[in-house]
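If you want the building blocks of each chain, they are given just below.
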Amino acid sequence: MDFLVFQYPMITIQACLDGLLLGILFALIAYGMALQWGVMNIINIAQGDLVILGGYIAYFMYLYGIHPAWGVIVSPIIMYFVGIAIYKLVINKVVDRDLFISILATFGISILFMQLMNFAFGADVVLANSGYGTTMLFDNNVVLPNSKIFSAFISIVFAICLVVYMKRSKLGRAIRATAQNARAAKILGVDTEKVYAATFGINAALCGVAGALISITFTIHPYMGLPYTIRSFMIVIVAGLGNLPGVAMSGMGLGIFEEFADYILGTEFRIGSVFLLLVLILVYRRFKLSRKREYLK
Amino acid sequence: MNKNSWILYIGILVFGLFAPFIFPAFKVQLSILCVLIVLATTWNIQGGEMGYNTFGNILFYGLGMYLCASVQVGMFFPLAEWTESGGEKTFVHTPSQFFQGMAAGLVVAAVVPTIVAGLIGYAILGLRGHYFAICTLGLGVAAGEISGGIEIIGAGQGFTTPPFPNIGGLEARGEFFYFLSFGALVLTFIAVRAIYTTRFRLILNAIRDNEDKAEAMGIETMKYKITGWMISAFFCGLAGGIMGGLVGYIDSTDVAFDGREMGVFMVLMAILGGKGTLWGPIIGATLFHFFKEGFWTFFLGWQYVALGVLIVVIVIYFPEGLMGWLREKYPERFGEVVDEADRKAQVELK
Numbered sequence: 002m003d004f005l006v007f008q009y010p011m012i013t014i015q016a017c018l019d020g021l022l023l024g025i026l027f028a029l030i031a032y033g034m035a036l037q038w039g040v041m042n043i044i045n046i047a048q049g050d051l052v053i054l055g056g057y058i059a060y061f062m063y064l065y066g067i068h069p070a071w072g073v074i075v076s077p078i079i080m081y082f083v084g085i086a087i088y089k090l091v092i093n094k095v096v097d098r099d100l101f102i103s104i105l106a107t108f109g110i111s112i113l114f115m116q117l118m119n120f121a122f123g124a125d126v127v128l129a130n131s132g133y134g135t136t137m138l139f140d141n142n143v144v145l146p147n148s149k150i151f152s153a154f155i156s157i158v159f160a161i162c163l164v165v166y167m168k169r170s171k172l173g174r175a176i177r178a179t180a181q182n183a184r185a186a187k188i189l190g191v192d193t194e195k196v197y198a199a200t201f202g203i204n205a206a207l208c209g210v211a212g213a214l215i216s217i218t219f220t221i222h223p224y225m226g227l228p229y230t231i232r233s234f235m236i237v238i239v240a241g242l243g244n245l246p247g248v249a250m251s252g253m254g255l256g257i258f259e260e261f262a263d264y265i266l267g268t269e270f271r272i273g274s275v276f277l278l279l280v281l282i283l284v285y286r287r288f289k290l291s292r293k294r295e296y297l298k
Numbered sequence: 002m003n004k005n006s007w008i009l010y011i012g013i014l015v016f017g018l019f020a021p022f023i024f025p026a027f028k029v030q031l032s033i034l035c036v037l038i039v040l041a042t043t044w045n046i047q048g049g050e051m052g053y054n055t056f057g058n059i060l061f062y063g064l065g066m067y068l069c070a071s072v073q074v075g076m077f078f079p080l081a082e083w084t085e086s087g088g089e090k091t092f093v094h095t096p097s098q099f100f101q102g103m104a105a106g107l108v109v110a111a112v113v114p115t116i117v118a119g120l121i122g123y124a125i126l127g128l129r130g131h132y133f134a135i136c137t138l139g140l141g142v143a144a145g146e147i148s149g150g151i152e153i154i155g156a157g158q159g160f161t162t163p164p165f166p167n168i169g170g171l172e173a174r175g176e177f178f179y180f181l182s183f184g185a186l187v188l189t190f191i192a193v194r195a196i197y198t199t200r201f202r203l204i205l206n207a208i209r210d211n212e213d214k215a216e217a218m219g220i221e222t223m224k225y226k227i228t229g230w231m232i233s234a235f236f237c238g239l240a241g242g243i244m245g246g247l248v249g250y251i252d253s254t255d256v257a258f259d260g261r262e263m264g265v266f267m268v269l270m271a272i273l274g275g276k277g278t279l280w281g282p283i284i285g286a287t288l289f290h291f292f293k294e295g296f297w298t299f300f301l302g303w304q305y306v307a308l309g310v311l312i313v314v315i316v317i318y319f320p321e322g323l324m325g326w327l328r329e330k331y332p333e334r335f336g337e338v339v340d341e342a343d344r345k346a347q348v349e350l351k
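Quick mapping for you: the protein sequence lines, in order, are chains A and B. Position one of the first sequence corresponds to residue 2 (my numbering), numbered consecutively onward. Position one of the second sequence corresponds to residue 2 (my numbering), numbered consecutively onward.
Calculated from the structure, these hints are not laboratory results. Keep in mind that the hints are not guaranteed to be accurate.
[What the hints assert, rightly or not] Output of the computed footprint for chain A on chain B, the stretches with three or more beta carbons under 8 Å from beta carbons of chain A: (1) 130-139; (2) 307-320.
[Stated by the list, open to error] Here are a few chain A residues that sit away from chain B, every Cβ distance over 12 Å (derived from the structure): (3) Leu18; (4) Phe122; (5) Lys171.
We put the CB at the ideal spot given by N, CA and C, even for glycine.
Sequences and hints are given; from them, build the entire structure.
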């Protein structure tokens, strides 16, 4: 345990800023999860593995001498088709079944992806060096890598684009209609099968963007997927489905929590504290709802 | 219970007692099979009978594993020095110390997870459906990550359990652990079978089918849910303790709280056999173990890929499992009265 963080305010500022920038990334992944959860009623355990796969695409561009920032454009395009493929092969068979079936099926996909990535890319922790340098604040006491600022900026741009797209475009409207009532949408001529495929594709593309940004700012490793799934699940249940400001806020809150957990408990408990926080949040909500004799649905 | 099933039980018991002598080369495999059956059967109490699909029984399994080994070491030697010395043993258990430690360790390994299940049950079992599934998944992973950071039980470098005392060599070790796990299996089977003949099972099924209605009928569902989970925890802890001794080495995320392997295996085995039946998980575990051991060597290095594909295929194409399939095919054998005309009509509807 290390309480230096309270005695030395600069560390607090550092942790908060790091957490904010990290949290924006989490919010982007969580938005994808909220989208497909709301539309298809599926919880995708493989979400984090899609993120990592997107990260590897950017990393490979970096290996071949292309600046990894271009991964932000390339990775979502590839991931969109990966998402469509997963939908066609597996997800469309579990869409209207019991939720546990979809959890287990996507858990299987997650294990599959994890291991395939392990074979294809090796078990090393890698990062794509963007060479953006750092920004110093407060008399050089707070160090912010420019890549983190870049990634937060790109995340916000993508989130805004997506919101506008969902509001204005025909497909966006079809997706929202399906989320509200799939049956009614079908009757009114929406091809829900297509909408589902597109939703899953968009979700995978968002994961691709987030993954590319993570490979620039942090590190990626084939087995790092599950924590991202749990984080986005946590953000979604705190914020609720279809509440974008809420998703952004709780994403940033989670980011700050993680940075502080890292400083106070030590890095080895970082992931553990995320999972424990999930349990605590669920239990808290369960007790809050049970006062009104309700339960989480 | 009729005459046929008695013959079946006695036949299996006799086979179980003589199996290590008939197949001396497969003693370890048979012990693991027993542990797997215990895990699948106890998972079935939650997932099959109660409708609470948990990924969290691995928590009790891992807890039991660590507790049993810690007690076995801690009773006679300082635990911290033991884990620090790692593989090179500075302390050696005498045979009597080993067996005493194992007995005490197994008792602790069974009892403590039961208490833990009782304590967290009220909070966790209030969640429903997928929230429960994800929450228990989080519990299992959190336990693995946190135990990987605790120094006294070996942290990242792992924990070597006390080696089997030098009496009778490898044969005696295999037989000891086989009979231990077979004993656990028999105990589990008797307990679960006894539970399934009582009203308790009906209540669990009522919770699965419609919890709100069950509550409205005056059943204190929470009490029964917690009891069910505690029963699972007891046997999971016991299985974990035995498995720890059998493997001989405990690692936080790869052996004890191994959500990626054992945590999924127990779900998969129960689903493969057919959840919500007494024999389903047993058959499922046996099939799964045969498949795994038979084909794992073919997929050398690709086991997890095969596992992922297997999960997806079973879940999508075989969600009712073997028993569910048999039940649909031969409903009369399961004691269901079938109106032939009605059945034909249903077939036509399909």
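Hint-by-hint comparison with the structure:
1. Using a Cβ-Cβ cut-off of 8 Å, 8 residues of the segment 130-139 of chain B lie near chain A, which meets the minimum of three, so the contact claim holds.
2. Look at the segment 307-320 of chain B against chain A: 9 of its residues bring a Cβ nearer than 8 Å to a Cβ of that chain, three or more, so the hint holds.
3. At the 12 Å boundary, the C-beta of Leu18/A stays outside the reach of chain B, the nearest C-beta of that chain being 26 Å off.
4. With a minimum CB-CB distance of about 14 Å to chain B, Phe122/A clears the 12 Å threshold, and the non-interface call stands.
5. A cut-off of 12 Å between C-beta atoms confirms that Lys171/A is not in contact with chain B; the least separation is 31 Å.
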